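Given the coordinates of chain L, assemble chain P onto it according to the supplied hints.
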Amino acid sequence: MRRYVIRRLIGLIPVLLGVIFVTMLTIELIPGDPVAIMLGENARQEQVEALRAHLGLDQPLPVRYVKYVGNVLTGDLGRSIQTNRSVLAEIMDVWPNTLLLAIAAMALAIVVGIAVGIISAIRPYGIVDTVARVLALVGLSMPIFWLGLVLLYAFAYYFRIFPVGGTGSARHYVLPAVALATPSIGVLSRMTRSSLLDVMGEDFIRTARAKGLKGAKIITGHALRNAMIPVMSVVGLQFGQLLGGSVLTETVFSWPGLGRLTVRGIFARDYVLVQGAVLTFAMAFVFINLLIDLSYAYIDPRIHYD
Amino acid sequence: MTELAHEIEMTRPRSPMRDAWQRFLRNKLALAGLIIVGILVVTAIGAPVLAPRDPATAVLSDKRAEPSREYLLGADELGRDILSRLIYGSRVALMVAVLAVGIATVIGGAIGLVSGFLGGWVDEVLMRLMDILLAFPYLLLAIAVVAALGTGVWKTTIAVAIWAVPNFARVIRGQVLTIKERDYVLAAEALGARTTRQLFVHVAPNTIAPVIVFASLYMANAILLEAALSFLGLGVQPPDASWGLMVASGRDFLRIAPHVSTIPGVAIMVTVLGFNLLGDGLRDAIDPRLKNRF
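Residue numbers (this note's numbering), protein chains in the order written: chain L, 1 to 306; chain P, 307 to 600.
The set of hints was computed from the structure by calculation and includes no laboratory data.
Honestly, I wouldn't trust all of these hints.
Said to hold, decoys possible - Pulled from the structure, derived: some chain P residues nowhere near chain L, Cβ distances all over 12 Å: (1) 327; (2) 365; (3) 499; (4) 510.
Stated by the list, open to error - Short, incomplete list of chain L residues facing chain P, as computed with Cβ under 8 Å: (5) 29; (6) 241; (7) 271.
Small disclaimer: the values here were computed from a predicted structure and weren't measured.
Note that the Cβ used here is the ideal one computed from N, Cα and C, for glycine as well.
Just chain L, same shape as in the assembly (with noise of 0.2 Å):
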């Protein structure tokens, strides 16, 4: 097991530094002078010179390339252009908020998901098979910030029951999570409930129905632990997109989080700030991957890592 954490921990290095090639090309593709763009008209000479030099735009790309890794594995993301404080900071601020949304979403995907999927496979191709399938086909073809325009409408102006945005409280958290997670509560009831079927056609359940149990039991004691590993993988992949989504259930909700400090950087063509911010988002997508494929271990004894 050891080996193999450590076989995909360098396995990642490639991946990470791509990642990093990728964010930093962001400035290096803005058509134009790129310091001019973001400074504006008004800047002074040395202004756009000193903003220059800080970037480094007066080295040729490969030695700004290695100056940039070495920053980021520094922690150092340079200076945020509208606030000139430290990039890492700015994010740090926000960054929990981002992830504590995200990570309720995905425990509400999770729960209502899979329970979803099971009731869906104990009656494949019923009446709630049927429903609970088109409502799933409904939820992934949401889009998230319209939902969250709509749970805002209804359940903060017209009946005032959560706060129209911001954090603070539990109560702060449910319609963005709720407008967060329904797509990913859509895929993983899918999941759930085709990786059950599946497994329900194999030979152990047949036993176990031999034995006398019946649907419900068998689903819960037998196949349900069979099936999460395809789920797992899927919940991987739907934390990808939770956190691309919060990009838009945070401008939704006003949530201080790095998806709106994102937002607004981009539009104060902040783009140090904006390349820092990608990068977050994606090394944080790449780590969450690994724990959750090297979580597959204690699901399934079956796999060795050797």
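Chain P in isolation, oriented as in the chain L frame:
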């Protein structure tokens, strides 16, 4: 007589495509998807004929008008007819999605074919490159692209395409890996067929069915992504009518005029649902075994 006809029907060689089509027609949800997509295509093409008003004409005295006989779905924050803007918006939604998925199919398809068929270090390098793109969570890669390139219909299309390429490459590679072990490909190799012939005559054509399914499901995702970018103000720009943009424009008036934001969202959802239903139906009809892969 009917018995004879039945017998003839039974003895006629069954084509897999015909079988698939029959299975598709029996699936009510899939048909619903086909109808939704069909309506979308008709609205997009016939927009100038179908739209009751000019989508850009603003009647300030009618701003945020509620649905009425005059404005079937109401008027937006500038007094433009929402229905007409929805109809024109279907053009943008469909065009961005079709182009982006088309680009992703060609580029991602080429990468997947080469990677899966050649294997070895080529496969390793190409797939690591795809992993890098896939490491960016949904929407963030597109945001990074738009941040660099700028906004507008074409740049949005490019952003959506770049996001879709690695996904297509991976799926097509997976298909190629199973196909290239099949007997007819091995036979072609044994008979001395050149690599290019094996690839283009024996392998590539057999990836078409799964590619159609995948493309249909990705049309749904592409429409969502374009709408999301436009909602954020990072996609299609005014005065072009994009559904995501329309949802965003009504945000500030959500409390007093909820229809301005909510109605365009319904259009997005129904359209995306249509493509998802169609894709699901095609998958079940063509090859139910694909279920666990997409």
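Just pull the numbers of the violated hints for me, sorted ascending.
Violated: none.
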